[in-house]
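Those protein sequences? They're chains Y and F, same order as listed.
Each residue of the first sequence is one higher than the last, beginning at 1 in UniProt numbering.
Each residue of the second sequence is one higher than the last, beginning at 1 in UniProt numbering.
If you're looking for bench data, these hints aren't it; they were derived computationally from the structure.
Possibly wrong hints are sitting among the right ones.
When chains are identical, the list treats them as one kind, so a pair holds in a single copy or across two.
Unchecked claim - Distance condition first, Cα-Cα at most 16 angstroms in a straight line; then the derived EDC-like pairs of lysine to aspartate or glutamate:
id, residue 1, residue 2
1, K3, D140
2, K3, E303
3, K297, E217
4, K161, E279
5, K24, E98
6, K215, E227
7, K297, E227
8, K191, D43
9, K86, E98
10, K192, E227
11, K297, E113
12, K165, D140
13, K76, D106
These figures come from a predicted structure and were not determined experimentally.
Protein chains: 2
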Amino acid sequence: MNKLLIVGSVAFDAIETPFGKTDKILGGAAPFIALSANQFDIDAAIVSVVGEDFPQEYLETFKENRVNIDGIEVVKGGKTFFWSGKYHNDMNTRDTLETQLNVLADFDPKVPEAYQDADIVMLGNLAPAVQESVIDQMNDPKLIVLDTMNFWMDNTLDDLKKVLKKVDVITINDEEARQLSGEYSLVKAAKKIYEMGPAYVVIKKGEHGALLFYKDEMFFAPALPLEDVFDPTGAGDTFAGGFSGYLTATGDISFENMKNAVIYGSNLASFSVEKFGTERMVHLDKEEVEERLKAFKSLTQFEIALT
Amino acid sequence: MNKLLIVGSVAFDAIETPFGKTDKILGGAAPFIALSANQFDIDAAIVSVVGEDFPQEYLETFKENRVNIDGIEVVKGGKTFFWSGKYHNDMNTRDTLETQLNVLADFDPKVPEAYQDADIVMLGNLAPAVQESVIDQMNDPKLIVLDTMNFWMDNTLDDLKKVLKKVDVITINDEEARQLSGEYSLVKAAKKIYEMGPAYVVIKKGEHGALLFYKDEMFFAPALPLEDVFDPTGAGDTFAGGFSGYLTATGDISFENMKNAVIYGSNLASFSVEKFGTERMVHLDKEEVEERLKAFKSLTQFEIALT
C-alpha cells in the first residue's frame, strides 16, 4: 500500500456558527487531511505534537480510521494547540477569537523511520521552517505538497520562499496567491509562483471551487453548491487530504490524474462542511464519496455537438 | 433559420478602467446580446429605442453583423441613453458616474410583425413593464429568457414579480438571486425563484462562472481564467446572448442542451472582456469561438477511473 506522510497541527477547536457552537473538539490541519486522505486505500501517518491534555479517545479515532500516529509526540505537562473562531452569517468570513499555540510553539517534527520512504508528503499549514525540517527527513518522495497561509507570508516570508524551492505542489487560497505573487489575475499569479519552486499551483477559492495550474494548462473543480454549509472549518485541509490521498492511492502524479485529485478534493470538502469539525469525515464511507462523484460529473460534464 | 427576438437598451457608454478610458462608444444590453447571439446561424432582431444623435455607423454595424434593426425606433430630437462608469483596480466593482435615461425613459417597444413569431425571446435588463409588453406582443414563443437586476427589485418589485410569471428562464447575478429570494444559499435561492415563475434559473457569478438550476439538477460553467480583463462591461449581456443564441440555433430547449448554452455563454463572455465595449464581439469569428471551446473542455472535463 502506498504511503502518505502528513504533517500538520493537531488541535482543540471551539467553533461558533449561525447554526450552533461547540466546546473543544478535535481540530487542526492534520486530522482533516488524514481523515480525508484515508477515504482511499493508503497507509497514512501523521507527524504532529499534542499536550498531555489530549484525549486518548481522539487518538483512538485515528487508529480506528487506519491513521498511523507513531509520529504524534505527546508532551508531558504540555497543553494542546487551541483555536476558537466565530463565523459570520455568510459563512465565508470568520473572526479568530483565541489562539493558544501551546506545545505547537516548540514543535520539532520527527518522521518515524517507517514513513521516511513515504511516496507522497503532505505538508499542512505550519511554520515553513517546520515544513522544511520534515522534507529534510524524507528519503526522496515522489511528490511534496505544501499548504500555507497569509500569516507566514506576513511573518516568515524568507523561510516560506526557502521551503517553496523544495516542493512540487502548493495549495493556497486566492487572496494568498495574490499576496504571494503580487498579481491580481490568478493566471498571472500562478506563473509567478511557478518561479518560486512549485511546478503545480492549486488555488482554492472556497465556495467558488479550486483551480489547478501546470505550465500553460489549467483545470477547474467547482465546489458542490450546497443547501446548507454547517461549518467550513477544515474544508481547505479536507480538500488537501482528498487531493494528496487520491494521488497516493493511484501512484500517478501526472497532470491528468491531478485533475481527478482536485475533483476528489472538492468532493471530500463538500462533506466536511456538513457537520461540525471532523464529525462528518469520521463517519464517511466510500459509497457516499462515489455517489457524490456522480453529482460532480453531472455538475460539470457536457457534450457539445459542434455546430 | 430560427428567429431570436432581443429587447434591451441601446446606449452610449463611456468607460474608464485601469487600462484606459473611452469616449462615448456603442453600449447597452441589446448590442452585446445581439453581437454574441449572432455568432450562431440565426435570424436575430433588436427591439429598442435611440435618439437622433445615434450614429448611422452603429446602425450599419448591426446590419453588417446580420442583426435586424427594424424594431429600433429612432426618436426625432431625442437623445440616446447614456451611461458612464469607472472600474476599480480589481475590475470586479465599479462606480456609475452618470446615467441619462433620455429616450429610454418613455420606451414603448414595438415588435416588428416579422418577429412576433420568433422562436426565442431574450428580454435584456429593462423595466419589467417594458419586458412584459414585449411578451404580450409575441405569438407563443418556445422560450422566454429574462435578464434583470437589483434596481428593479428595489424600485418595481411588483412589476418584476408579474413578468416573472410569464418567463421560462431568468438570468441574474448571485447577489441579486439572494436579494430576490431572501436566501443566502444559491441552491435554496434557485428553488424560491422557481416558485415565482421561471422553470430555469441561471445565476451569473462573474469571474466565478455561472450556475444553471432546473428542478433538482444543477450545472456549472466556469468563467475562463484570463491573464487580463480589459473591460467587463457587457459580459453578462454577452453571456445571455451566447446562451439564447445557441438555444435558438439548435432549436433544442432541453436541460441537456441548456448546459451547452451556458458553456457558450461563458465562452463568448470571455471574449467580450478582452477589449472595450463591443469591439471584440464585432470582430469575432466562429473559428475563434470553437477554438476557445477546447479551452473550456480541457478546463472542466475529467475522466475518473473508479478506484
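Do the hints match the structure? See the list:
no., hint, verdict
1, K3 / D140, "within (13 angstroms within a copy, 63 angstroms between copies)"
2, K3 / E303, "neither (37 angstroms within a copy, 24 angstroms between copies)"
3, K297 / E217, "between (21 angstroms within a copy, 12 angstroms between copies)"
4, K161 / E279, "neither (35 angstroms within a copy, 42 angstroms between copies)"
5, K24 / E98, "within (12 angstroms within a copy, 54 angstroms between copies)"
6, K215 / E227, "between (36 angstroms within a copy, 14 angstroms between copies)"
7, K297 / E227, "neither (18 angstroms within a copy, 27 angstroms between copies)"
8, K191 / D43, "neither (33 angstroms within a copy, 43 angstroms between copies)"
9, K86 / E98, "within (10 angstroms within a copy, 41 angstroms between copies)"
10, K192 / E227, "between (36 angstroms within a copy, 12 angstroms between copies)"
11, K297 / E113, "neither (40 angstroms within a copy, 44 angstroms between copies)"
12, K165 / D140, "within (15 angstroms within a copy, 64 angstroms between copies)"
13, K76 / D106, "within (13 angstroms within a copy, 80 angstroms between copies)"
Consistency with the previously given hints fails for numbers 2, 4, 7, 8, 11, ordered from lowest to highest.
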